[in-house]
Amino acid sequence: MSPTPEGGLTEEERRPLIDNEGRALLSKLLEDPRAPRYNHTCGDRLTTAGLARVRAFEQETAARTGWAQGRPPAWVAGFASRVSTQVPAYRRAGALPARFNQIPTVSRADLVRDPYGFVPDDHPLDDMVVYTTTGTGGTGVAYIASTPEAAASYCVLLGAALGLHGLALEGGPGRTAVAQVCWQRSTYTYASVSSFLDQGATCKLNLSPADWRAPGDPEAFLEAIAPEVLTGDPVAFARLASLDVDLQPKALLSSAMALLPGLRAELETRFGCPVIDVYGMNESGPIAAGLPDGSGHGLLQPGLYVEILDPAGRSCPPGERGEITLTGGFNPALPLLRYRTGDFAALDWRGGLPVLVGLEGRAPVHFAAADGRAVNTIDVSVALGRFPLARFSVHQAADRSLTVGLDGSGRAADPGVREVLGELFGEVPVTVVDLAGAEEAVSYSSELTGG
Amino acid sequence: MTAAGPPVEVLTRRLLETPGEFLAPTTVVPALVADLLALHGAVSLDQAAGALLRPLESPEARNWLGCVAVSSWLLADPTLVAPGSGERAWVFLTGDDLRELASLVPAPALVSEPDRREELARRALAALELVPAGETEAEAADRLTTLDSSERARVVAATREAEVRAEAVREAMHAKAAAEAAAKASRE
Amino acid sequence: MGATATLEEVREAWTARWPEALALWSPFTRLRPPRFCLTEEEEGAEGLTGSFAMIRLADQRVVISLRQVSPDLVGFPLEILGHEIGHHILCPADLADNARMLARIRLNLPTVEGHAPMVANLYADLLINDRLQRARGLDMAGVYATLADAPATGDADGEEGAGRFWAFYMRLYEVLWSLPRGRIARGELDERLLGDALLGARLVRSFAGRWLEGAGRFGALCLPYLLEETPGAEGAWTVWQDALGAGAGGFPDGLTGVEGSEGRRALHPSLDPELNGDLTGPAGEAPAEPEAGTQGGSRGQYREPFEYGEILRASGLDLSDHEVAVRYYRERAAGQLIPFPSRRSPVALDPLPEGTEPWDAGEELSEIDWVETALQGPVVIPGVTTVRRVWGTSPGAEPERVPVDLDLYVDSSGSMPNPQVTVSYLALAGAIVALSALRAGARVQATLWSGALEFTSTRGFVRDEGAVLKVLTGFFGGGTAFPIHVLRDTYGSRPPSAGPAHVLVVSDDGVNTMFELDEAGRPGREVARKALREAGGGGTMVLNLWAPVDKVPGLHEAAEDGWEIFPVRDWADLVAFARAFSRRRYEEPGMVGR
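Sequence order for the protein chains is A, B and C.
-3 is the number of the first residue of the first sequence in my numbering; add one for each residue after it.
52 is the number of the first residue of the second sequence in my numbering; add one for each residue after it.
7 is the number of the first residue of the third sequence in my numbering; add one for each residue after it.
In short, the hints are calculated from the structure, not lab data.
Virtual Cβ for every residue (Gly too), placed ideally from N, Cα, C.
Wrong hints could be hidden among the right ones.
[Stated by the list, open to error] A few chain A residues that face chain C, going by a derived Cβ cut-off under 10 angstroms, partial list only:
1. 108
2. 113
3. 204
[Stated by the list, open to error] Computed list of lysine to any residue pairs in SDA-like fashion (alpha-carbon distance at most 20 angstroms, straight line):
4. 24(A) - 44(A)
5. 24(A) - 123(A)
6. 536(C) - 491(C)
7. 536(C) - 554(C)
8. 557(C) - 208(A)
9. 557(C) - 579(C)
10. 476(C) - 430(A)
11. 557(C) - 28(A)
12. 557(C) - 211(A)
13. 557(C) - 30(A)
14. 557(C) - 26(A)
15. 557(C) - 572(C)
16. 536(C) - 560(C)
17. 557(C) - 27(A)
Just chain A, same shape as in the assembly:
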């Protein structure tokens, strides 16, 4: 990977509001002898006006508004009418129907096929930021248009998630506010300073040994920067917990995959702090965060309307599970109008505010043991997480036989992998094949249907 990315920004464009303290912190993160071999450069790109808007969004978010059961919030009608004329992908559906729930839904497949059609006609293209993500269900690469302000709003929403637990994201000069840890074969890594976090730093690190100069560096570096909070996925956190590293973060914010209660308890003991499950997706950013009592996920975004739909597209009554469907959002480059997430939960109301209950992450994959007992994908993640696998895939055929994809380094773990899969699945045939292709750390698929 080239250390000087194409289309590079000037330092002024990259970090318009960085000050001397911020610069000092950035140098420290970049030049520490134990620092990883960063492979990417990025800043917050926030201008004064942009920062003001992010602060306004923070105010709005702190107000915690919702909507009454069965009635969309007032802003939805105006939003729908605006995007149905301004956004090509929605305009194609023709005139807006009389009732909101008659508006056709869209899904990730639509976004993958025509990502351009989701950018509003009047959205300026100069400050656009584009992320590419590979899907979890083999749906291909999605281009997600966004803005620097939307990217900075992630910090607002992580703060809101902490708020549900009586905590706050403070940042401040000289402090690493957020360290995102990954455990992937390869991913972008960088260090950055956020003007929204008052010159506090954020960084993204990959625990994969290939990213570091010497063994022991990941542990030493993390201890040196002592992040205020850590973000990551459960697999990365499981890996982090296995390292001999002494950290006192305020909280761990887990995203990208569902967090199992067992792992959550283990991590809370290991790091002595709350471990908060944040549910979100690239298309929308963070949507909801686990409540302290574990009873559900509180919604985070003031301008995001959540519906729960059954397979026929009808609204589910409160308490009944269905597909989480989104309208609105904080990203002006990708306004969502009845966007089906592929994730499932029920809606419930607590103190007048909607709460997601029984959230089941990412396109539920149904695994079954030899005796027909359901096997949770997260159990598989946790079990295989014990091995030094950079990535793997597990596919279950209709006859319950398993095909496990391991890459070159993972082949050494083959016997152990078979053993733990045996413990989880019982007597099912296991075939190990070479893993090739996607960069996704973990991929699950199954020919079995739910039940």
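Please build the complex by placing chains B and C on the supplied structure of chain A, with the hints as guidance.
Just chains B and C, lined up with the frame of chain A:
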């Protein structure tokens, strides 16, 4: 009332063979038109009508005169010349249709571009209330609509309007996807 | 002939028209007669699926299933035969142009690249059909009218997307051939669609003589339709997709390079001054033209391996990433071959037959000693029972130069780029040296390595180019542990008669794992030093280094031991390395350690 006219190919062939002097800036258009009207059995051009065809300064007007000259050559084709058609020929040469065409098409294109040749031939036939040989009235009308320069300009403008923005969005998204992003604090 | 004709009768009738169909293109056209399939089995044997006709460029073949030609189409033998011949004569005509057309179209179908073969087929059809309809007076319109009226398409209205795209495509023919609106185009024809059809017709005419350049523009014209809706897998338009696998069985040369405007996205024809010219008025009041797209899948002059593979697959080739990589590096290295170091023999030689040794696939066939081979057993198995004569030397008149063998160690740990995805200048360096060695007559042993016990090798020193490249372009992506035992055993057991070998290590800063203890507990540095001495042809390290050589632990020692070290991170480094390497000479026996 329409009568059978010559095949379109006869007229497009004639246009292709338009003598160069018809497109020369020095052409005296009123004289050409007067000759043509005489062929079609009309009385000679009166002064007021002649004044209409006087060269004017604006490029638009000059282009229109060029179109009138080319049309005069076309209407002089033996298959179109008929006694009593002078009035229709005059109306065509000075009417709105040809003015509109002139506003969209440079006069030399009426000779050099196959579609424009066919369009002018069909417009002339329609003005003379003739249907091209081998076609029904409906077929002729449909084909003229397809060739119609103003119609073409309109539908292509519709396409272009949509594509200017769509292309800019696509280009921007690909360029930005390759460029550096902004820091995001968690992954989804 | 009506629907009552038997298939055999149809075959006879169509076969009789073949010379006439060839003459449509040129009286000198030579093409083997088409293969007519009458049964499903015959179709299966030819690989004909999904359509009633197909062409194969590799063996210049036309295959037509008469069983699937609907009775209504039986009356169009010249139209259909002439069309298939057109694919061979006009577009895509050959494997390279087919691949380049696909490359251009793919680039203009972002996110829907998978439709490139279909769009390419439709584009080629336009060029062919327009020529046959207008210049040869065939009734191509009749073929499409028949397809449009076939009962299978009657209910296509429900399929909005396929309907709209197909309606656009059919309307394009109507414009080209002056057909009344609705003669073959079905469904609602809105203004956008009418405008696109006009532009498409103009494109076909303008680019008929340079159709490769028009291919990207046609892709851009189709893109909005394909973004809006995925065309259904059923319907009239799939029936005649005859060039989807045109490239199967063959292999286009020169495709790693990007030619001309191929690497740039084309403008949508409505924005292209070359196509919207006279439609914007005499004053040329065209709107501000955006710059022609600069975004390309590849920057610079060469494609990346993954893109190269995607194009090959789009042309109908069924290749794994690894097979694609072998082709890719072979082609890119082929243009860069260097004089491979040779070594003056200590004695002048005259050949003297001395005995036999195994002959390996890839070696000169003429070297096989067939008498000795026959004595090995009744069945000849190349590389197993085959033997070649070994020549000894007797003092002769002239000194002679002999190439040194090449012993290649390629690092494939996770820190190395995967050569099957993006171009690896290290793999390319390895390929250039290896192919240069083979060309000079040397033998090559290649070993791909990653973590402990993760390695794969050719079977000793071989002359099989494919085997060497296969090892060189493999990928483990695991840990890093230099296979010191392979290096040790290679020279521990090498007969003195084998001559010197040059050891080339392709790696990064992980190369210093070479100096760790071997499995017998001996220091790797000692083992390596001994092996290098025994190899006798010198040692080179080509390394992907970001730090200066003297800052990387272990490299100072390596240089002391006689390794010559070249950092190679990009093309410029690679060229410098190749130049320096080719200047080396191995004049003195035992030059290492000088």
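Cross-check of the supplied hints:
The beta carbon of residue 108(A) is positioned within 10 angstroms of a beta carbon in chain C (closest approach about 7 angstroms), and the interface hint is therefore held. With a cut of 10 angstroms, the hint placing residue 113(A) at the interface with chain C holds, because the nearest CB-to-CB distance is about 6 angstroms. Interface hint status for residue 204(A): upheld, as the beta-carbon distance to the closest one in chain C is roughly 7 angstroms, under 10 angstroms. Proposed proximity of residue 24(A) and residue 44(A) is contradicted: the alpha carbons are some 25 angstroms apart, above 20 angstroms.
At most 20 angstroms may separate the alpha-carbon atoms for a hinted pair to count; residue 24(A) and residue 123(A) exceed this at roughly 29 angstroms. A C-alpha spacing of about 12 angstroms is found between residue 536(C) and residue 491(C), which places the hinted pair at or below 20 angstroms, so the restraint holds. Our distance criterion of 20 angstroms between C-alpha atoms is broken by residue 536(C) and residue 554(C), whose separation comes to about 27 angstroms. A distance of roughly 16 angstroms separates the Cα atoms of residue 557(C) and residue 208(A); the hinted pair therefore holds under the 20 angstroms criterion.
The straight-line distance between the Cα atoms of residue 557(C) and residue 579(C) is roughly 19 angstroms, inside the 20 angstroms bound, and the hint therefore holds. Straight-line distance between C-alpha atoms of residue 476(C) and residue 430(A) comes to about 16 angstroms, which keeps the hinted pair within the 20 angstroms bound. Taking the CA atoms of residue 557(C) and residue 28(A), the gap is near 17 angstroms; set against the 20 angstroms cutoff, the hint holds. At roughly 18 angstroms between alpha-carbon atoms, residue 557(C) and residue 211(A) fall within 20 angstroms of each other, so this suggested pair holds.
For the given pair, residue 557(C) sits about 16 angstroms from residue 30(A) by alpha-carbon distance, which is consistent with the 20 angstroms threshold. Proposed proximity of residue 557(C) and residue 26(A) is supported: the alpha carbons are some 19 angstroms apart, at most 20 angstroms. A hinted pair counts as satisfied when its Cα atoms are at most 20 angstroms apart, and residue 557(C) with residue 572(C) qualifies at roughly 14 angstroms. A hinted pair counts as satisfied when its Cα atoms are at most 20 angstroms apart, and residue 536(C) with residue 560(C) qualifies at roughly 17 angstroms.
With a C-alpha separation of about 16 angstroms, the suggested pairing of residue 557(C) with residue 27(A) holds against the 20 angstroms cut-off.
Violated hints, listed in ascending order, are 4, 5, 7; each of the other numbered hints is respected by the structure.
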